[in-house]
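Could you slot chain B onto chain A? The hints should help.
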Amino acid sequence: MAQRSANKSRLGALPWIAPALVMILVFVVWPAFEMLRTSFQEVGSTGAVKGWAGWQNFATLIKNPDLPNVLIRTFIWVIGVVFFTIIISLPVAQLLNAKYPGRKVVRWAVIIPWAASLVMTSTVWKWILDAYYGVLNEIAMDFHLLKEPIDWLANTKQSFVWLMVVAVFVSIPFTSFVILAGLSTVPHDIMEASKVDGASPWQNYRDIIFPLLRPSLFVAAVINLINVFNSFPIIWVITMGGPGYETDTTTTLAYKISFRDQDVGQSASMAAINFAIILVFIALFVKASKNQEQS
Amino acid sequence: MKKVTRLGALVAATGLIAASVLGTSAKAADSVELKMVAADYANMQPYWDDLSAKFTKANPTIKVKVDVVSWETIDDKVKTLVATGQTPDVVNKGDYAAAAAEGLLYRADEMVSKATLDDIVPTFLNNSKYNNIAYAVPDLASARALFYNKDILTKAGVKKLPTTWTELEAVLKQIKAKVPGVYPYALPLGPEEAQAEFSIWAGGNGGVMFKGGKWVLNSKENVQTMTFLKKLTDQKLTQPNPAKCDRTACAQTLFASGKAAFINGSVFLPGWLKDNGGAAINLGSGSFVAAPGKKPVTLGVQDYFTAYKANGHKAEIAKWMDFIFEPTNYAAFLKAAGGFIPATKSAGAAAAKDPALAPFIKLLPSAIFYPGDQAAFPAVKGAIQQQIGTALVNPQKTMDAIQAKALAAAK
Numbered sequence: 001m002a003q004r005s006a007n008k009s010r011l012g013a014l015p016w017i018a019p020a021l022v023m024i025l026v027f028v029v030w031p032a033f034e035m036l037r038t039s040f041q042e043v044g045s046t047g048a049v050k051g052w053a054g055w056q057n058f059a060t061l062i063k064n065p066d067l068p069n070v071l072i073r074t075f076i077w078v079i080g081v082v083f084f085t086i087i088i089s090l091p092v093a094q095l096l097n098a099k100y101p102g103r104k105v106v107r108w109a110v111i112i113p114w115a116a117s118l119v120m121t122s123t124v125w126k127w128i129l130d131a132y133y134g135v136l137n138e139i140a141m142d143f144h145l146l147k148e149p150i151d152w153l154a155n156t157k158q159s160f161v162w163l164m165v166v167a168v169f170v171s172i173p174f175t176s177f178v179i180l181a182g183l184s185t186v187p188h189d190i191m192e193a194s195k196v197d198g199a200s201p202w203q204n205y206r207d208i209i210f211p212l213l214r215p216s217l218f219v220a221a222v223i224n225l226i227n228v229f230n231s232f233p234i235i236w237v238i239t240m241g242g243p244g245y246e247t248d249t250t251t252t253l254a255y256k257i258s259f260r261d262q263d264v265g266q267s268a269s270m271a272a273i274n275f276a277i278i279l280v281f282i283a284l285f286v287k288a289s290k291n292q293e294q295s
Numbered sequence: 001m002k003k004v005t006r007l008g009a010l011v012a013a014t015g016l017i018a019a020s021v022l023g024t025s026a027k028a029a030d031s032v033e034l035k036m037v038a039a040d041y042a043n044m045q046p047y048w049d050d051l052s053a054k055f056t057k058a059n060p061t062i063k064v065k066v067d068v069v070s071w072e073t074i075d076d077k078v079k080t081l082v083a084t085g086q087t088p089d090v091v092n093k094g095d096y097a098a099a100a101a102e103g104l105l106y107r108a109d110e111m112v113s114k115a116t117l118d119d120i121v122p123t124f125l126n127n128s129k130y131n132n133i134a135y136a137v138p139d140l141a142s143a144r145a146l147f148y149n150k151d152i153l154t155k156a157g158v159k160k161l162p163t164t165w166t167e168l169e170a171v172l173k174q175i176k177a178k179v180p181g182v183y184p185y186a187l188p189l190g191p192e193e194a195q196a197e198f199s200i201w202a203g204g205n206g207g208v209m210f211k212g213g214k215w216v217l218n219s220k221e222n223v224q225t226m227t228f229l230k231k232l233t234d235q236k237l238t239q240p241n242p243a244k245c246d247r248t249a250c251a252q253t254l255f256a257s258g259k260a261a262f263i264n265g266s267v268f269l270p271g272w273l274k275d276n277g278g279a280a281i282n283l284g285s286g287s288f289v290a291a292p293g294k295k296p297v298t299l300g301v302q303d304y305f306t307a308y309k310a311n312g313h314k315a316e317i318a319k320w321m322d323f324i325f326e327p328t329n330y331a332a333f334l335k336a337a338g339g340f341i342p343a344t345k346s347a348g349a350a351a352a353k354d355p356a357l358a359p360f361i362k363l364l365p366s367a368i369f370y371p372g373d374q375a376a377f378p379a380v381k382g383a384i385q386q387q388i389g390t391a392l393v394n395p396q397k398t399m400d401a402i403q404a405k406a407l408a409a410a411k
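Protein sequence lines correspond, in order, to chains A and B.
What the first sequence shows, in this note's numbering, is residues 1 to 295, in sequence order.
What the second sequence shows, in this note's numbering, is residues 1 to 411, in sequence order.
Simulated from the structure, these hints should not be mistaken for laboratory data.
There could be a bad hint or two in this list.
Here are the simulated BS3-like cross-link-like pairs (lysine-lysine), alpha carbons at most 30 Å apart as the crow flies [said to hold, decoys possible]:
id: 1; chain 1: A; residue 1: Lys50; chain 2: B; residue 2: Lys65
id: 2; chain 1: B; residue 1: Lys129; chain 2: A; residue 2: Lys50
id: 3; chain 1: B; residue 1: Lys65; chain 2: B; residue 2: Lys178
DEER-style ranges, computed between Cβ atoms [unchecked claim]:
id: 4; chain 1: B; residue 1: Asn131; chain 2: A; residue 2: Tyr133; range: 44 to 52 Å
id: 5; chain 1: A; residue 1: Asp207; chain 2: B; residue 2: Lys230; range: 55 to 63 Å
id: 6; chain 1: A; residue 1: Phe232; chain 2: B; residue 2: Lys411; range: 26 to 34 Å
We treat Cβ as the ideally placed atom computed from N, Cα and C, and that holds for glycine.
Looking at chain A on its own, in the form it has when it is part of the complex:
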């Protein structure tokens, strides 16, 4: 009897979760399936499908001379952006958590870069950094920090650093709010007890707050990892991965293989590999969050 009613209540939920399920099927599962299918197809440069290709697309991709550098750069991109995002978000979250007049305004100000579309933010940054009309050069020259304008996006290493700066900038709001949520779960009585016991603010933070923040730091890290890995607009708007392939990550490379090299099949195989990497991240996330629940 108990079994039956449990079954019934599961099915009964269907009407309420059906719209979400349909959305997931149409917007996630089906495109992913199409992508995987395309990665095993031979697609002409016009986009017309010519037949099955077996593993040929993957073989071509592995031989792609630009792939090794792009893979290394993607690794630096993901690790660098997530690391600096978290390092900067920790104090920002403290600032948002502290009580002072005008805290609401500060919280709103931090949210704005998150609320703005990535393409918009990236376009603004592109113009801030512009060699001829950029406001950064203008300010630096007005303060006599620079004698003549610098093209911030000219040197490939330098422009990649700027791309990372923008990526960190747009990742901070989400991350600091996740940490803020973590901060609000820190029990007051423990804090008071430690104060009474004479702990310094730094000891307080290091030995009580930070360990309690671990679950939210973990959530922030994994979600950022996925977001940053998939990030297309920042790189595409500011440098288009150029010159050559020198600021590409695997995400922009997949686009370029499809629409510059006109090889949709090879591009789909790149996307499939990206997808596999993301699945690994997600698996880690699910496993670790289960471990945390248990402990």
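Chain B in isolation, oriented as in the chain A frame:
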């Protein structure tokens, strides 16, 4: 009671989704809607909307929906439409051969009537062939010249217009010395239109992309050309960082603001300058420079109408295409596009009297064109746009890389 409610909710949810999916596909019987995707020369949407309304008035059973798309995204858009089974009927953009090679296109003589086809300028129709059969109808063309800012040249004391690379280099040095704050030559090797900048420079050295049935991107002539451009850039005779300088946003904008003395410009550059803050530029033009001892060339670029077989609207497409080429409609098309060379003999006769166009029309017989009849050309163009800027670091290495991409695409 509870059960009924749940079932009802399920039915309602499914129904809503079904309705939203089906609702869009309902259409009136017997009428055909042609889908066209067109590149945006200037502000084309009003022209196409107006023409499509006139066409439907004359042919009540045929509607034409024209999507105007920017040049930067039209190739991606059409490819996506084809790949996802939403192939348009007519496309107006810069290439055709890959689609012809894959058997997706109607022939030119199926797209338009014989009268219309006979009126197309033969050179242009010749450039619309794949395996000796025309699969596209040219819509218009452009040619290039060396444009300069007369005021800057006067200030620098330049008396004679350079015609060779050596003369140009000397003049650029003279400008750099005498007119500070000005970039002597604006060199756009950024992705937008790098293939044009490369082609006209290489053409002046006898270099081409495709010769005798083979891709020859890393030919001696082409590498020499890039080596010369590297030399100009290294001496700071161009704006810094040509690899990230796009034609419109960077090179033409510098020229429009009086910050560049020379630029490789298309026939529509004067019109563009007027609309984009460069009306005050004291503009001059001459034929493009060539390597010492080589013949100067111009680069001819033509665009196309192509018609896709996918939806089987052959008869309707032919009606629509002939309607576009009716003299008054075609004249309006040229006017909307702004300052291009017409593709028809009849419109060309009128354009030859236009002082802005006449010199370019005269240059056309000696023009070099892209190898647009090669199916691999879009991939080669993509490789050049992507990588040619890095040739200013290592010319041979970059040209070898582009050649490798060309060979891979031609397989």
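Ascending list of hint numbers which this structure does not respect: 3
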